[in-house]
Structures are given as C-alpha cells and as structure tokens.
Amino acid sequence: MAKAAVIEKPKTKASKPQTVWIGNGNEAVARAIIQIGYDGEGYYPITPSSDAGEAVSKAFAAGETDIAFVPLTSELAAISACAGMAIAGGRVVDVTSANGLLLKIEEMPAISGLALPMVLNLSTRDVSAPLNIKNGHSDLAACLGMGWMILCAPTVQATYDMNILALKVAEAVNLPAIVAYDGFHTSHANRRIEIFAEKEDVREFLGEKPKGTTIFDVENPHTFGPYMNDDLINTKVQIDAKMARAYEVLPGIFEEYAKWSGREYGFVERYGADDAEVVMVMINTGGETAKDAVDRLVGRGEKVAVVIPKVLRPFPEKELVEAVAGARTILVGERVSQYGASNYLANELGAALQRVGTKAEIIQRTYGVGGLTLTSEDAEKLFEIAQGWPNLDDADEQKRKWYYGAWPGDIDYTPAVKIEAATGEDKSLNIGAEKVNLRELSQMPIRFEKHAACPGCGIFVNLNLFLRGIDGPVVVFFNTGCGMVVTTGYPYTTFKVPYFHNLFHNASSTATGVVEMYKRFRAQGKLSKEITFIAISGDGGTDIGMDQVIGAALRNDPFILLEYDNKGYMNTGAQMCYTGIKGQRNSNAHIGPQQKGKTTHHKDVIEILRGTNCSYLFQAAESNAVDMIRKARKAQQTVRDGGFAFGKLWSVCPLNWGMKESNGPASVKAAVDSCLFPLYEIEKGITTLNYDPEKRKKKVPVTDAFKLMGAGFAHMMKPDFAEIVADVQGEVDRRWARLKAKAENEIL
Amino acid sequence: MSEDYKLAFADDLGFCNILLSAIGGDGANMAAKMLFKLGVLEVGLDGGYDAKYGSEKKGTPTDVSVRFCKAGTAVRAVGPTTRAHILVVFHESLIRPLALNKGLYANAIVIVNSTKSPEEVRDILELNSGRVICLDASKIAEETHSRLNMPMLAMLCNVLSFPAKVVEEAVKKQWPRAAEANVAAFRAAVSTAKEAQFGADGKYPLVEFSESRGGLGFLNMLPGGRIDALKHSTVERDNAEGRLGPNPIFDAEECTSCGMCLTVCPDPGAIVWKEKKMTGIDSKFCKSCMRCVEICPRTGRALRDPHKKEEAKETTVAGEKK
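The listed protein sequences derive, respectively, from chains A and B. According to the numbering used here, the first sequence is numbered sequentially starting from -19. According to the numbering used here, the second sequence is numbered sequentially starting from 195.
It should be emphasised that the hints constitute simulated quantities derived from the structure, not laboratory data. A virtual CB, placed ideally from N, CA and C, is assigned to each residue, including glycine. Any given hint might turn out to be false.
Said to hold, decoys possible - Label pairs and their in silico Cβ distance ranges:
1) B/D422 x A/R419: 16 to 24 Å
2) B/K310 x A/K698: 53 to 61 Å
3) A/L124 x B/G408: 33 to 41 Å
4) B/L424 x A/A503: 41 to 49 Å
5) A/P388 x B/L424: 51 to 59 Å
6) A/I2 x B/G408: 53 to 61 Å
7) A/D392 x B/Q368: 51 to 59 Å
8) A/T580 x B/Q368: 51 to 59 Å
9) B/G393 x A/K361: 28 to 36 Å
10) A/I195 x B/S406: 36 to 44 Å
11) A/G368 x B/P370: 56 to 64 Å
12) A/E86 x B/E363: 36 to 44 Å
13) B/G408 x A/N327: 17 to 25 Å
Unchecked claim - Calculated pairs, DSBU-like style, for lysine-lysine (alpha carbon to alpha carbon, straight line, at most 30 Å):
14) B/K264 x A/K640
15) A/K361 x B/K264
16) B/K470 x A/K509
17) B/K478 x A/K640
18) B/K200 x A/K(-9)
19) B/K468 x A/K509
20) B/K468 x A/K678
21) A/K407 x B/K246
What the hints assert, rightly or not - Partner residues aside, some chain B positions facing chain A, computed with beta carbon under 10 Å:
22) G241
23) A245
24) G253
25) A268
26) V353
27) E405
28) G408
29) L413
30) N414
31) M454
32) P460
33) D461
34) P462
35) S482
Given these sequences and hints, build the entire structure.
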C-alpha cells in the first residue's frame, strides 16, 4: 500500500474524550460550527445545505451559541456579510449548495485575494437547466480555481472533522477553505459518528484566531481592496505560495488531529489490493461506496483498488501519483462533465502521471449526476469497464470519456397529443366587461391543471382565480419555488400555455427580455397575436430578486408580476423571508430563550415599489374574489397600454404554517379584515382603498388571523408573545392609518 | 444488550435492510429516525438512515430506509436501500403504483397498514415468499389519538425483537406530550395484527430492483429538456393518490351555482362546471382540502364534508347522482 494511504481503522487513540452522536451531514456541520464557537455566519437557504444553517439558528434561539447568525437576502449577500465579518476580525462560516455557490462566486476570489481565512461548507448539488436539486459536483468544479482550499468529506464523520481541520489550515495560511460533502447522500444521511465530548477541546485545538490587521484599527488605518493594475500578478504568486504552504502544514494538522480525536485523515485514501492493476479514483460518497465493491472483487481475487482524494486544493499530486502507482488502467469517476474536454480530476491526474512518466491508461466516466445514487453494484460495473478496457463491446463504452447511468431512450417512442392548448382565444369575458360574474367566469379556459401541490395550497387558489380575469393568450414565467416544483416534473408539465422557469431571482428580468422581443417582433410585423405575459414569484423571490423587480418597475416594462406571499421559503423547508410576520416561527428563526421567531416586521413591498412610479400596483386576496378579478382585468389593460403591473396576493401555506387546509378561506378573510393585508391599489400614483373593514365595522385584531393561520403562529397567543403581538398590531394600525391618509389625498 | 442481539437478516455486507414506503406527512421519516436511534443507542447496532428526497410537500410518496449492521461493520452505502429484507407500507394503496415487490428478498417480512387479510395483501404485492403482517394502523391511530407512524413503528420494532419496554420508554421520552397515546398505539398494533407465512410456492417470482425509465433518453429528448405540453401533460395523473380523504359530497339540487367554490379551489378541474352550472367534483382532480365546503353559502347542503356526520348522498365523478 502506498505511503499516502490512510488505513480505514485508525490505530491512534484519542487523547480527548469523544462521544457518540447521531445525526446527518448538515447537522454535523452545525455541531462543528457550534463547538468551534464562530463569531458569525452569513446565511441564505438553499437545498440541500439549508438545515446546516437552520440547526445553528435553532441552537442560537435555545441559547446554546452566541454566534451572530444573519439571514440575508441572497447568497452573494450572505458571503459578502462573511467578508465584512472577517475583515472586522471575526471567525466566520457559511453554508451553501449549487446555484447558491454560483451566485456568490463573484465574492469567492475576492475573499481569497483579501487573504481572509473562513470556511464555506458546500453541500454539493448539480447546477443545471432543467433544474435539479440533487447531488452532482458541478458546483464544486466551478470553484476549483478560486484560490480556496478544498477538503472533500466522503462521510458524515468526515464532514464534522473536516470543518475543524479546514478552519485550522485556513488560519494557518490565511486562505479560505471549502468543505465539500455530498448533498443528500451525506447532508441528509443519518449516521452514528463520534464527536468531541467537550467544545473546549475543539477550541483549544484551534486556538485563538491569529491576530491580524482589521478594519477597526483606526490608529493604523489600512485600505482593504484597493484598485490595482500591473501588480495583480504578484497577488497570484502570493496565493499560490499559500497553497504550497498549506500543502506543507496539512500533514502536521492531520497528525495532531488524529492524536486529539483518534480519527485519521490524509491527502488521499487508498483502499484495496496492494498490487492493484485497475484503480478507480472518486471523491466523496462515490469513493466510499466503491470500497464495498472492492471488498467483493478482492474477495474474488481481483486486483483492484479505489483511491479517494480528500484534498483537491492544494492538489496532492505526489500522494495521488503514489496511490495509483502500478495500475494499468485508472478509471476516474466524476460527478460532473467538463463538456467538450476531459473532466478536471482526470486531467489533473493525467498531467501529474505524465510528469513522472507513468504510462497508465486513464479513462473517465461521469456518473451520479442529478442525484443518481451510485450503489456498490454500480461501482462493480465501473471496475468491470476499467478491467475490460480497451476491449469493450459497446461503442459508447469504447469512448475514453463517457457517462455511466445515462440512457438512450426509445427512438420509436411517439407519444400522442393528449390535450388542447389553452389559447384563451375562444373566450373574451373580461375585456370591456363592466361587472364580474363568477358564474360566467367558470367558462374561462383552464391554463394549468393537475399540479402536485399540497391540498389547499394558496398559490394555486390565487392563480386559478386571477387567471379567470385574464383574456386571450397567456405566457407565464415562474421563479424557482413551490409554484414551480409542483407544476413540472420531467417529462410532464401542468401548463397548457407556454411556460418558462429561469432560476430563482430573475423571473422579472427574464420577462423583460421576452417582452422586449415581443414589442420588436410585433413592430416588425412578425407577430400578430396579442399575448399577456405574467411572471409569478414567491417563496422569497422578491427578497433575492428585489433589485430586478425594482428594475422592471422603473422601466415600466409591460408585463404582470405576481408575488404569492406565503411568508417563507416554503419549497426549501420554511425558512424566513422578509414578508414574514414579526414573531413568526421559521426554520431559521426559532423560538427560545435567546430569540422569539422573526425579529422584524413584514416587508411592505407595494410601498417599496410606490417610489418607482410604475403604472399599477395592487394587493388582492381570494376572500374578495370580485376585487381580484377586477384587478386582473386592470393589470391586463395596464400591460396592453404599455405599463408594468405588480400584484401581491396573500397565499396560505397549510404545510408550513401548520394550518388545517379547510381554514384557508377564513384565515385569509381574517388577514384582510385585520388590515394585516389591506386590499388597495395604486394607479399612476393614486391610491385607492378597495375594501375598508373599519367602515364596514368588520375590523378585527391581528390575533384573529394568527389563530387561524396554524401552528407556525399559534405561539403568538402565548403571554410571553404579548409584547411582540402588540408591536405587530401597532405596526399594522400605523400602516393602515397611513394608507387611509394616502387614499384620501391624491397628492400622497 | 448488544451481545445477545442477532439481526434477523444480513446481506453479503452484513446489513439488514428496511424500507418504509409512505406519503409525505405520514411521519415515516420521524419513525425511521426513531428506529435508527433505538437500534444504535439501545440495541448497540450500527447502520444508516437514509431517505429519498425531493421537494417537501404533503401527499407525495416517500422512500425511507434504515440499514442495520453489527457495530464495527463499515457503513459506506448511501441513499435508500433498493433491496429490502423488511418492507413497511403505510398505505396499502401504494403497493401497486410503486410496484413495491421490486427488490424484495425471498422470505421477506412485510408490514402493511391494511384492513385486508395477509393472504389478500400477498396477492396485491405479488410477494414471492415471506411473512405478511397486516394491521389497521389508521384505525389504531385514530382510536388512540396517536399518529399513523406509531403503530407502524411498533410493529417494526416487534419484528426486529427490540425489547418492548426499552422502545416504549424511548418513545415516551421523545414525545412526552403524546406519551400515553403513543404507548396505547404501540400496544394496540402488536395485539391486533394478523399475519401469515408464505413459502416460495412458485405463485410469484422474485422481482429484481430496476429503475423505470421512460421512452425519452439522450437520443430523443427535446433540446434543452423542454416539454411538449400537448403530448406530455400531467392531465392523466390521478390526484386521488395522496389526497386528504374522501372528496366533498355535492348535491346538484341544493346548489345555486353561485361560483364561490371556484374562487377558493386550488385544483382547477376539481370543481366541474358545464354551461355555467356546477355539476360536481372530479375525484381525479380533487385533493379534498374542503375549502369549497367552507366557503359554500349552502354548506352542509350543496357541498358537504364527508367527515361531518350529516347523512351522506353518494356522488360519482362529474357529480351525476347514482
């Protein structure tokens, strides 16, 4: 066995007490974060990393940690807050996945360039269109060259340990570090692991954060992040030198950690026959699972081994070359494809082998993307491919670079047409109509049907109703969110009209692009149909996407933007978004001695947009259906006249509010009657109240709404929330009084 | 404890694989996590608890698995098991659509929430061989004011021979407020279950696990993964799977077709209208949220919640009276 290899069952005895702990990979990250005692964590939810932050937030509410846990409006915001905390001298950590990492990627080379040591936990997931929320390493591959160290954790145990190791090496060399563990496969796998029994031991192992120059040094001020021209090349030399330094110090850190914890790590793990002729190289859970295949194959006398790199940056070239030494064929399996080129790990290993003159054949397989699980049986099949190489029957398998687990499909498959498109051209019940007749609107075409949303979902109550007030052809855009994930699932779609989902925060800009071409092609006489474009957002989409919403409103782009206001990121596990109510329980805003749910009042998005002076703004609710239809008609007329229309629709979430499905209609009515959600509109700056519960003597306290809104709000009735509820009531009444004044005075 | 405990099954890597098939909201995840903790902390086993994740919503099928092995065995595999020794089915109605016999070992143990007999369930499952245990877990949960996951967990702990006392104590500790109800559910499950043993009599073959792949692959998938909506509509899906219970009961004679129900319905197509008149509820669309019943000005007459005790009149799809 090569020297670089680490034996599976360590011989080192822990000098510090360890304790058995059961949990999943995300919870193990949170455990490490709490034990380390970080100063701060910038946070934004994304599947499958979300609950790593949620567990920290829960521990904060319980008073178990005093970390500055800050939920922000986007991933870029989250890591930027981390950069701010770090430049202030704080010890900081972040968690993310996939699109989250790509959104924050602009800040990644900034943090390494600024020499800020921090840890970013990456619960790996594929980045793609069509959207997939499951495991793949395309996010990891995107940040190989960012100047961040990368540690790869194949198990829940390693995920915990590497959080401690990563911070240790980061602070030793002043570079940030990523801990990459597999989304779902590790992040959501519950295992029995061992952790330090005492957090003090973890803190002693790490020591105090080394003192450095911070932004607080007013006596000796420094300029961080200046403009730089020719000198930039020298910063690159510095980063590489730090990587080299990390390569030197890591073995010592691994060794020391083994003495403290009894758990051994190295640059590379090798498992299998000493004289292996065929070696498979895989990071993370793929490599770990392949050990089971190795056991079976070696048991049958086959000469195979698996090599699992644990560190990708600094790239452990020497250790990897040693670990694959003697192999005739090396299969590098990667959960990513560098389209049009060899995959990165195969490339880097190939280059390393060429430098030492090894002539082993390297073949590569992309496997396990989009969440496909690699079983030990799959790993055996991959070994078979490598053993058979290059004499394989299948033409695709003869390719040096190919895919494991893809399927060709049946080219004779010719599905029949099953539905008619909902063009809406046969019905025109709204345009020009004076009255709203619900019975008549039952004849409006159904634009979507058979979605998989939870029973009683408010999103689709709103869309079902609103769309009955819209005539003619419709095109819809969806932000990523519940409304999106429950309506399409390849190869099936719920929509009978054209539909486009293009990521999370950018539905409004996507719609802008489409309506610009609509205007252009109509002017050119290439398009005769009059189409109404409706973008649908929610689940925090107007938090992360607020700048783009404001942009569309400022340009007064002719489309309708609807926000279903369900008061949380309901598709990713009910994290807080800014439309949530103060005191509301969220999975990242818990209730305990140190925190009482959401700490701020609900965002007033209509009032934010008022300042854009766009054509039409409104709030509508199912409880006032005639009003909603009237607003849909007005919104359609607005966009036909060339203006932008934005509507916020109160949207119940029985699942995450913990509410009885049948309470939906009554709870919406209470929200409207309490003025928690006033029904009003702003047409070219002029405010109109569409429903005045006071005048009708129907105004109720906000608690009447909370009572019906389910378990997520039930705690608001408790005595220790009296102050918060009074505060919410006060804020609701203040906003209502201001709204009335605006409705009474045109100039406001 | 750990010294004398012996796992009933072990595959070539030393694992006993348990698969729980349930619907989002059933509490199968919670039950599996509890089982895993019991196995590790109380019985001295090791293993893993994994689930198949998608988006988080009520009413969709979920796979949850627990793998147990002797302490000291390397735990490496991830994801739910595809080869189960023990299958736990929270709703008998899941068996056929999910083809739950796939991947089952010979001489498996199958626990099913069903009012049917073990013989009938064996035929529905097309089980090659093994022990089928049927219990009316829905009724037990309702009668004991517990949750569906408790009687199912009880039966599972029973077949694994986890000591009842230890299990009960752990359940009490985990959910102190529901301690009495849960323990009652545990005892009712074990005392009312019916079971039968079936040998490999050749009636049904062993079925290997396989992923079902559709006709579209990399040769014929439309560019960009786009969907031709006219050919690949969800319209044929049956929303009845995973709905909240029976649909609202509609009485056309009592209905004035005011249209209020339409304003609160989240599932277009569920409320059927013909020529400006409401004609019924389509059970293939309706998920039984009862929002329409709540809003109906003639609630209790035109639209009724079947759970409420008024005299029920039968309706059929599209509401034509029998």
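Q: Go through the numbered hints given earlier and state which of them the structure violates, listing their numbers in rising order.
A: 1, 2, 4, 5, 6, 8, 10, 12, 13, 14, 20, 21 and 26
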